[in-house]
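So the sequence lines, in the order shown, correspond to chains A and B.
FYI, this note's numbering numbers position 21 of the first sequence as 18, with every residue one higher than the one before it.
FYI, this note's numbering numbers position 31 of the second sequence as 32, with every residue one higher than the one before it.
Quick caveat, the hints were computed from the structure, so don't treat them as lab data.
Careful: at least some of the hints might be erroneous.
As the list claims (entries may be wrong) - Which chain A residues stay away from chain B? Per the calculated CB distances, all over 10 Å, these:
1. Val1
2. Thr17
3. Asp23
4. Met24
5. Leu42
6. Val47
7. Gly50
8. Arg65
9. Gln69
10. Thr83
11. Ala89
12. Asn96
What the hints assert, rightly or not - Stretches of chain B that chain A covers, calculated by requiring three or more beta carbons in the stretch to come under 8 Å of a beta carbon on chain A:
13. 46 to 59
14. 68 to 81
15. 103 to 111
We put the CB at the ideal spot given by N, CA and C, even for glycine.
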Amino acid sequence: NAGVTQTPKFRVLKTGQSMTLLCAQDMNHEYMYWYRQDPGMGLRLIHYSVGEGTTAKGEVPDGYNVSRLKKQNFLLGLESAAPSQTSVYFCASSEPQGNYGYTFGSGTRLTVV
Amino acid sequence: GNSVTQMEGPVTLSEEAFLTINCTYTATGYPSLFWYVQYPGEGLQLLLKATKADDKGSNKGFEATYRKETTSFHLEKGSVQVSDSAVYFCALRSGGSYIPTFGRGTSLIVHP
């Protein structure tokens, strides 16, 4: 039972570099989400997707792009990394039913220097 | 809009003490309510849930009751262990919304 798998687990980037974070789920969930978690800020939603080929902006989308070309994968891209994007990033997935919980990945710890 | 308010932490307890973490919410309609736990260095895990008024969710000795009249979903445990040290998040999900609403999290520290 892999659930939600995030790669990489750790990454250090230089300011201005680009990278892609991969989220893969094997539960055939329709909905997928990207969050960032910073000390004292709780979870903040970056982007989300309610189905293959669809994406939408969350609370803090600036500086990030996403794609969901396959149902099981949700990619988060940083085109030009900034120190303010230093954070822990979590992916989550769920089903549309309102009583369904969310399954989270174990996170990617990103440092931008 | 929907919102979830949790008590601020950290909550510091001795082993075997009684735990309560308060959670209140505002929401349209009849949301489902959840508690998640995040251990150090890990992602959030679903701890328990309740989907309608007066339901009690329970798991691993933790309990929470969906109280519609007080719009609350307080987390309780009768006797905490050091291994319960973690951050606990209260959350709600409305049937018509794509986006869940999370509280800010409450850190629990249990000393031997």
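Hints versus structure:
no. : hint       : result
1   : Val1       : violated (8 Å)
2   : Thr17      : holds (19 Å)
3   : Asp23      : holds (15 Å)
4   : Met24      : holds (13 Å)
5   : Leu42      : violated (6 Å)
6   : Val47      : violated (5 Å)
7   : Gly50      : holds (15 Å)
8   : Arg65      : holds (13 Å)
9   : Gln69      : holds (18 Å)
10  : Thr83      : holds (17 Å)
11  : Ala89      : violated (8 Å)
12  : Asn96      : violated (4 Å)
13  : 46 to 59   : holds (count 4)
14  : 68 to 81   : violated (count 0)
15  : 103 to 111 : holds (count 4)
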